[in-house]
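**Q** So the chains spell out like this:
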Amino acid sequence: MSDLLEEFVPRVYLFALRLTRSRDEAEDLTQETFLQAWRHRARLRDPRAARAWLFSIAVNLWRSRLRRKGRSEQAAELPDEPGPRPANLPEEDLVAQEDVRRVREAIDALPARQREVVYLHACEALPLREIAGVLGISLEAVRSSLSLARKRLRRQLKDLNGVRSPTK
Amino acid sequence: MNRRECDQLDDYLLGWLSPEEAAAFERHLAGCPACRREHGLQRSIDQALARQDTLLDPIPGGLVERIRRQVQAGDRRRATGRNWLAAIAATLVIAVAVGGWRVNRLRPNGGEHAAAPGQTQESPESLAGSPADPSAGSVPAGKPTLVSPDAGGPPSGEPASTPTKRAVASARVVLADPSQGIVVPVETNDPKVTMVWIYPTFKPAAQAGASGGK
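Chains as they are written, first to last, in numbering that gives the first Met the number 0: chain A, 0 to 167; chain B, 0 to 213.
Certain hints may be false.
[Stated by the list, open to error] Quick list of the computed label-pair ranges, beta carbon to beta carbon:
# : chain 1 : residue 1 : chain 2 : residue 2 : range
1 : A       : R66       : B       : G60       : 26 to 34 Å
2 : B       : I181      : A       : P110      : 54 to 62 Å
3 : B       : A29       : A       : R38       : 50 to 58 Å
[To be verified] One side only, chain B facing chain A, incomplete, derived with CB under 8 Å:
# : residue
4 : E4
5 : P59
6 : R65
Hints listed in this document are in silico derivations from the structure and should not be mistaken for laboratory results.
Note that beta-carbon positions come from the ideal geometry of N, C-alpha and C, so glycine has one too.
Chain B on its own, in the form it takes in the complex (with noise of 0.2 Å):
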């Protein structure tokens, strides 16, 4: 019995070696009683590995089903959080846009002032001069004059030559799927200030299931 190439026994079997090297292994292996006992060893080895899962392991019943359904959770999951962000990045957008007409309408340039206290607050539907055109501002500040909207001149009273405009707050409100939610206009005083809605269309997976899936 060679010892080194008694060792050689697994690198043959896995087809480590070369063509040359397998050779010269075979024809040890014709003469060596104990590598052809451990060949075969190794050969019922392999086939018991072979066939170990079937016989011994059989897979937990529903396991594929109940991963399919917790995959299907994690996506629907992922779906209202993408519909919670695209909620609150359209209502950051409106914000923006009202935000900065506000801002714009009370600069010291703007034309207009922010009501004094104890004052009463402009009806913005009914103030003349646009924040965009300080040359409107013929009305006298803290005296805000009724404008009606529809007639787009200046109220009774004032010259004909003011130029009256109306400055209106618009936000696009874009939603990243519009699948996934509904938004919905929601009437205000201030026809300058929108505002909507938005409803995601899914349900968290729990309330779904909860709620029957209304």
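Chain A on its own, in the form it takes in the complex (with noise of 0.2 Å):
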């Protein structure tokens, strides 16, 4: 379980961040997550479908949870401050981080559905067809969704810098 939880808990907490925009919603979302999927692990048959069960499972709790609260994904609140600074980056690691910021501020900015598939297509590399299971969505909504989605981002971030590549 420890090793599951170590690699599965990050990238939980990671889409769940992009679901809520919120640290503490998110943070509470990755922890029901794991609890409901430990409940239920007896229904995972392949464990390589692990990471798309745990999303699929992280999306419906938390539409679940807007349901409740009678809220619109739209309508969660944007973080008013920014995460905490990762110490010691170096220079160009400084200027890629103005621009990674404002890549994110763009995709917080999409429209929820859009925001969902762009994260899991670019940043989780889940093919198109988990991102629908996950999603409960059709194979052709997350074509739809990702191509409007990229052509969006792109007309918001006309001037953007351009991101160096790692520096590891």
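Take the two lone chains and join them into the complex the hints point to.
**A** In structure tokens:
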């Protein structure tokens, strides 16, 4: 179990952050996702599908939570303050960080479905079919959302400096 | 600039074009500065997307450990719940066994009668006759006869031919998981009534923590 938690908790948290756009809610949602996953672990037949399965639990929990609170996904608040700044970043990473922050803001401004599709595609590299399964939408809807989101991001980020390769 | 071909940029980058369509788009890309700009911009965005989490969103400290503890606590609560269910199930088994014996004993053809109000209830330990064996009911109703459980025969003064049987209620206690409970028989005045205490070996997580895991 420890290995699974080490591997998947960060991923589910980051996805939850894109769903909720709030660090506190993302943390809550991540905890709830793993508790539910553990209770229903017998339903996971193929361990290779664990990541998509966990994401789909997080999506369903988040939508239930929004329904209970009577909120729409668009109404979720953006965090006021920036996240904690990683210490001792190289100078070029600081430049990159500014670009990354702008991309992040543009993504957070996307409609919920586009934001989720872009995240799962670009950051988790999930196949489109799995994205459709996670979000409970058709493959066509995934393709359409992804195309629209990318065009929209390019419109909003026309003057992006360009991100350098990681310096690892 | 061919608007229709320019619209294929994402399909091209996402690998959704057939080899022929991709080759045609690459020819278009070579001669379309607007598409080349968009192409470069999209690559920059993709790189930023790939790095955004490590640069901006460190995982909250201790989150993995907190979730691990919650999952384990959830397991303990569920185990305790199962213990209590097993205890309740075992108690029901006993209750049914004893109750069945009682009902049978009070049947009119069971050879015995319940004590009338004000009348001393016979000690089951000393009852002669068996509810399962009405033919043994040679003892007049309402006049219980003392029988030594060890003697295996009628008390003095009774005809030697009167068969004497003891009806003993029995119950089988089965825990779903023997490691999760301790079954302790409790002595009763009535050998036909079996009582057991069932102690779950798990405590709820909150109590376990508070009591230092005793």
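**Q** Hint by hint, where does the structure go against what was stated? Just the numbers, ascending.
**A** 4
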